[in-house]
Amino acid sequence: MTTNRRGFLKGSAALGAGTMLAGSGLTDFARAWAQSTQWKPEAGAKLQILRWKRFIQSEEDGFMKLVAAFTKATGVAVNVINEGLDDVQPKASVAANTNQGPDIFWGLYSLPHLFPTKCLDVTDVADFLGKKYGGWVPTAVTYGQSKGKWIAIPVAYNANVINYRQSMIEAAGFKSIPGDTAGFLELMKALKAKGTPGGFALGRASGDGNAWVHWALWAFGGNLVDKNDKVTLNSPETVKALEYAKALSDQFIPGTASWNDSFNNKAFLSGELSLTNNGVSIYAAAKAGADKDEKLKVIRDDMNHSLWPVGPAGKPTEFHIAYPMVGMKYSKFPNAVKAFLAFTMEAENHNPWLESAVAYLTHSLNAYDANAVWKSDPKLAVAKDASRRTLTAGGLGSVGEKAASALADFLVMDMFASVCTGRATPAEAIAVAERQAKRIYR
Amino acid sequence: MSDAIPAGKTAFTAYAPTRWEMMTTNRNFLGFWFMLPAAAFLILFLVYPLGLGVWLSFTDTKIGTPGSFVGLENYEWIIGDSKFQTAVFNTLFYTFVASVIKFAVGLYLALLLNNNLPFKAFIRAIILIPFIVPTVLSAIAFWWIFDPQFSVISWSLRKFGWISGNIDFLGDPWNARFSVIFANVWRGVPFIAITLLAGLQTVSPSLYEAATLDGANKWQLFRFVTYPILTPIIAVVMTFSVLFTFTDFQLIKVLTNGGPAGSTELMATMSYNTAILGGRIGEGAAISTAMIPFLLAAIMISWFGLQKRKWQQGSDND
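In order, the protein sequences belong to chains A and B.
For the first sequence, our numbering begins at 94 and goes up steadily by one.
For the second sequence, our numbering begins at 194 and goes up steadily by one.
Just so you know, not all the hints are guaranteed correct.
[To be verified] One side only, chain B facing chain A, incomplete, derived with CB under 10 Å:
{"#": "1", "residue": "A209"}
{"#": "2", "residue": "P210"}
{"#": "3", "residue": "I338"}
{"#": "4", "residue": "D340"}
{"#": "5", "residue": "D365"}
{"#": "6", "residue": "A454"}
{"#": "7", "residue": "I469"}
{"#": "8", "residue": "I474"}
[To be verified] Here are the simulated distance ranges between beta carbons:
{"#": "9", "chain 1": "B", "residue 1": "I333", "chain 2": "A", "residue 2": "K139", "range": "31 to 37 Å"}
{"#": "10", "chain 1": "A", "residue 1": "R532", "chain 2": "B", "residue 2": "W367", "range": "24 to 30 Å"}
{"#": "11", "chain 1": "A", "residue 1": "A520", "chain 2": "B", "residue 2": "V429", "range": "45 to 51 Å"}
[What the hints assert, rightly or not] No farther apart than 25 Å at their CA atoms in a straight line, the calculated lysine-lysine pairs in the DSS-like style are these:
{"#": "12", "chain 1": "A", "residue 1": "K146", "chain 2": "B", "residue 2": "K446"}
{"#": "13", "chain 1": "B", "residue 1": "K446", "chain 2": "A", "residue 2": "K285"}
{"#": "14", "chain 1": "A", "residue 1": "K287", "chain 2": "B", "residue 2": "K352"}
{"#": "15", "chain 1": "A", "residue 1": "K388", "chain 2": "B", "residue 2": "K446"}
No lab work stands behind these hints: they were computed from the structure.
Note that CB positions come from ideal geometry on N, CA and C, so glycine has one too.
Start from the sequences, fold in the hints, and give me the full structure.
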């Protein structure tokens, strides 16, 4: 089995077809838009954009179509570079430090907050878009703003949800994923008893791993820092979260301690895994391969997605990936940068793009609740609320460089992994993480 | 140095060469000029980055913000950090075990290949393959071999009925350490084997003949003829091997990224994660600067090993 989340998505062709027909319309719109926009690109402007390498082919196709329309309408040549998800941040950091490199970076979480002084002020673009499209979701404001100014456009989110096999949870005596943490533990126990265990990544998986351990931490009211960035990790709530995660991980399929972001995709698509957390890309890969592979067809028809159970904290504590796009201050063509950022978010461009991403991307502007993708397939509908249910990197604290540093150090991830693999007691693991956190947040 | 007398000047007047003439003809100056490109290259690409790295380790520089001098603060912090302590232990353990195994296997292979085998050239070429394959590619191959669900090793052993469940190669701390060491050994053996083979071929057959006439057995041939002559090459090749292993990065980054929970974290990967991904350049520089004493020690050991060799052979003890 070689299909993984980077798998091609031929099954989405049907969905994409509507987009293709609109091709000429898109160019017409783009021309008109270029005439009327308040951001006129500089003469001879050229843009270089560095983005994360797509996980779903049709999403990239949609993006490139939008880029082509922009070039046609404005005459600005756009060069798009693709880098692995984990490589965007180091490249952007180096560019920010040396004041040269791509004009726009499309990265994750708090990337722009690593170097807020190097980001182009895009407050005018954000205000324009917010007014026109029903306002930004609250977390988009958190991710996009620094000291009251917009330093990035939070283009989209990626929902990280529970992927499960309906037949297997039914065999274990459940109809759906329980809405509370206690019930969820029972489900995991029953799944293991039936010989069809689930599992979450305990290796250094920056996407899936961070998503589930932060959910667990927050679900029990634990927090790395409070709203003043004071370290509050050492708390009874954190101990409870670690104990719960330990109990949960005792029910996992063997081997999760070495899982990175793609292991659970492989295991789920091979039929060996009944439940895991992931974007909707496993489903996309199953749909793509269903015509040729009977096993994938079974998985496509059987699998479904669910939002995360709510813990004692009493509210959703999910951690979805944010994808902000940031223009760099050193760019010679700031107007072209702003024009591009605004252009991607305009309905005529953004709607077909969201559709081409088949729910891999969730919108950050309220008006796109009406996007067709949310009605296209009931199994994808859960991703619609990702941007509203997610907490931000850093939890209660700021989304700045400190939160990014803690994520890059796998501070919370390692704390959970060392407890779940039995190498440390909750108290020991908390002590190690707390010491590190205090240094980062000093 | 004798300077030529330019035409048009008589030999009787005391001749003082111009500065330009001195700089272009004086041997010492010429030596300086010829060394300059090499020196400039070394200063630009070795001394400057090394010096900058050491300087950064004394500052609290972060990506995007120039730091200020903080003295030994970074070092005080990392020495007390249990993750750093684990990384130092892992690095030393990884280097020591991998180097010993690589040496043993490499020497054994070299001795085998030094015999008259059919298709000798062909076999020698094949031995080099692991060394030629890009590290990242071999790391990805091992990634599949060590997969918790789809490992070919687990699968084969299960088919034989020797084990019931899959082996957790990279999930258990010690399994993970030995798995990455195995991958490193696989990659490093050819370099040692081929270099030692080259050394073996310089041993004159007449020495073996003389020893054989004296009644030496196979072990004695190796111990008293091959080994002493090979020692300088062993010292050089092992120095390189230890340096490469100590600074290994790619294998770990691809296979485990330092996981599970830091149990395969090396100083090199930790430095990268801290400085480039975490943005704390000063602290990351301190971690990589902390590697220097270990590397110096490795170089010193082989340096003195070489000197001892000279002394054994009875030449000047310089």
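Checked hints:
no., hint, in the structure
1, A209, "51 Å, violated"
2, P210, "47 Å, violated"
3, I338, "12 Å, violated"
4, D340, "7 Å, holds"
5, D365, "7 Å, holds"
6, A454, "4 Å, holds"
7, I469, "4 Å, holds"
8, I474, "9 Å, holds"
9, B:I333 <-> A:K139: 31 to 37 Å, "35 Å, holds"
10, A:R532 <-> B:W367: 24 to 30 Å, "29 Å, holds"
11, A:A520 <-> B:V429: 45 to 51 Å, "50 Å, holds"
12, A:K146 <-> B:K446, "19 Å, holds"
13, B:K446 <-> A:K285, "32 Å, violated"
14, A:K287 <-> B:K352, "23 Å, holds"
15, A:K388 <-> B:K446, "33 Å, violated"
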